[in-house]
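Same order as they appear, the protein sequences are chains A and B.
The opening residue of the first sequence carries number 267 in the numbering used here; numbering runs sequentially from there.
The opening residue of the second sequence carries number 89 in the numbering used here; numbering runs sequentially from there.
It is possible that part of the hints are untrue.
Said to hold, decoys possible - These stretches of chain B come out as covered by chain A in the derived footprint (C-beta under 8 Å, 3 or more residues):
(1) 116-127
(2) 193-202
(3) 237-244
(4) 248-259
Claimed, not checked - Cross-link-like lysine to aspartate or glutamate pairs, in silico, DMTMM-like; alpha carbons within 20 Å at most:
(5) K447(A) to D496(A)
(6) K472(A) to D257(B)
(7) K447(A) to E474(A)
(8) K369(A) to D346(A)
(9) K525(A) to D488(A)
(10) K447(A) to E224(B)
It should be emphasised that the hints constitute simulated quantities derived from the structure, not laboratory data.
Quick reminder that beta carbons are idealized off the backbone N, C-alpha and C, glycines included.
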Amino acid sequence: MEHTPPPLFRTGSTPLARLMIFSMLSAVVLIADARFNHLQTLRQVVAVVVYPLQKLAAAPDAIGSRISDFFVTHSALRHDNQQLTERNLELSRSAQLTEALRKENIHLRGLLGARTRVAAPTMAAEIIYAARDPFSRKVMIDQGLQGGIEAGRPVIDHIGVIGQVTRVYPWLSEVTLITDKGHLVPVLNVRTGLRAVLSGTGDDGKLELRFIPLTADFLIGDQLVTSGIDGVYPPGLPVAEVTHVERNTEYLFASIACKPIAGVHAHAQVLVLGPLPVLPERPQDDAKDVPQKKRKRL
Amino acid sequence: MPASSMSRQELLLPVRPGFILVTLIIGLLINFLPWSGWALWVRPDFVALIVLYWCIEEPRKLGFFAAWCLGLLMDVSEGSLLGQHALAYCILVYIGIALHRRVQRFSMAPQVMHVILLLLFIDLVTLLVRTLGGAEFPGYTYFLGSFTGAALWPVLSHLLKLPQRPRPDPDRV
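Please construct the entire structure, taking both the sequences and the accompanying hints into account.
Here it is in structure tokens:
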């Protein structure tokens with residue numbers, strides 16, 4: 267073999283060859299992640315490696331907010347306190363009302379033989395940062411596998427639904443917001459009881475109702491709450507408000523825009539709801555009302 | 089080539105691998121800072137910038153594998169598709185290595201022009217990947233980061249050269 271170069275000049279494969287190899291590798295990873303969702307373990311491992319760096323990067327902000335917490339003025343505290351007392355009074359009044367209604371409801375449900383809705387246990391979490399991917403609407407919260415969070419849990423703030431846990435890491439989880447383009451929430455119009463599917467648009471503060479017939483009764487200002495037929499979101503949580511209704515007879519469907527009620531991009535504290543009780547078989551009469559296509563595709 | 093666009097060649101000490109590692113970690117840390125609002129749009133990808141710098145300045149020190157792993161770290165922390173940044177960084181390394189002799193010879197202004205085009209190119213690759221994956225175009229602000237990144241290039245290049253500048257010899261007057 268007199269034509270092999272001496273070891274000094276052996277430089278391994280050329281950059282182009284390496285580019286090909288690593289591009290192929292990236293393509294495989296991309297496809298496995300996007301189409302088949304196979305790489306959860308790899309994500310977990312990398313997440314553990316990244317975690318200390320993320321913690322370190324978040325430290326200045328955390329320290330800053332702690333320092334500003336320390337210097338809260340007396341008047342600000344008094345103002346807060348007064349506001350909270352007022353709100354507390356208001357809430358306790360409505361809580362009493364709710365309590366009475368709940369008892370009545372339990373009684374009626376008992377009469378109907380329906381299964382009582384169990385209040386799902388909740389877990390408080392804090393949004394650490396908004397995931398920086400410009401193509402999606404996601405946030406990271408500071409509870410993960412260690413806190414018992416699973417993918418699919420609904421996440422709410424004190425006003426309404428903000429999204430759903432989609433990926434869980436050991437100490438963090440990723441929440442896909444309801445404004446994310448691929449995210450669907452089955453909802454119910456409070457005024458009319460009409461069911462629909464609310465989908466995100468990828469645009470902050472804008473949601474839309476798809477495939478609503480032109481004649482359907484939707485008005486500006488209608489409140490939409492979760493209908494609970496997907497087994498992901500418990501029923502009755504406020505989601506959005508209709509802001510724009512356009513009925514153009516050239517199209518098959520009405521174009522209905524909504525805005526989220528909850529502070530989807532504003533609040534730092536959120537609640538992760540516990541697992542919903544496994545749904546029993548649907549009662550016969552209920553099944554007729556729920557067309558197959560309106561169930562949430564997950 | 090006019091002499092004005094040529095840079096004065098400096099003699100620098102060889103870079104220590106530890107220093108490259110430290111700069112990459114700092115780049116990751118800056119990327120992980122809780123950016124929000126408009127800062128998020130203007131923010132350049134510091135890791136990409138630093139990777140590009142080392143590929144142009146020391147093309148044998150930073151390999152494809154390291155860039156690929158850094159890309160995976162970024163993908164997981166940003167919650168984007170796994171492999172998206174990895175692919176972008178590999179392409180960046182390749183072009184960096186391919187062009188390093190050329191870019192090194194230029195003075196700062198033409199270097200910045202090269203960097204703008206390179207960063208925009210990997211933005212386009214990422215956009216293509218995500219569009220194939222079914223995402224929607226996030227708006228033209230998406231490209232802003234590349235311009236700020238290129239604007240930071242002179243500063244970055246000055247800072248990263250500092251430890252390699254030979255200390256003035258105390259024996260010579």
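Hint-by-hint comparison with the structure:
Counting residues of the segment 116-127 of chain B whose beta carbon lies closer than 8 Å to any beta carbon of chain A gives 9, which reaches the threshold of three, so the coverage claim holds. For the segment 193-202 of chain B, the proposed coverage by chain A is not satisfied: 0 residues have a C-beta within less than 8 Å of a C-beta in that chain, short of the threshold of three. With 0 residues having a Cβ less than 8 Å from any Cβ of chain A, the segment 237-244 of chain B misses the three-residue criterion, and the hint is violated. Counting residues of the segment 248-259 of chain B whose beta carbon lies closer than 8 Å to any beta carbon of chain A gives 0, which falls short of the minimum of three for the stated coverage.
The straight-line distance between the Cα atoms of K447(A) and D496(A) is roughly 18 Å, inside the 20 Å bound, and the hint therefore holds. Between the alpha carbons of K472(A) and D257(B) the distance comes to roughly 64 Å, so the proposed pair goes past 20 Å and is violated. For the proposed pair K447(A) and E474(A), the alpha carbon gap of about 10 Å is at most 20 Å, so the pair holds. At most 20 Å may separate the alpha-carbon atoms for a hinted pair to count; K369(A) and D346(A) exceed this at roughly 33 Å.
Our distance criterion of 20 Å between C-alpha atoms is met by K525(A) and D488(A), whose separation comes to about 11 Å. Proximity of K447(A) to E224(B) is assessed by CA-CA distance (about 8 Å); at most 20 Å being required, the pair is judged to hold.
Consistency note: the structure conflicts with the earlier hints numbered 2, 3, 4, 6 and 8.
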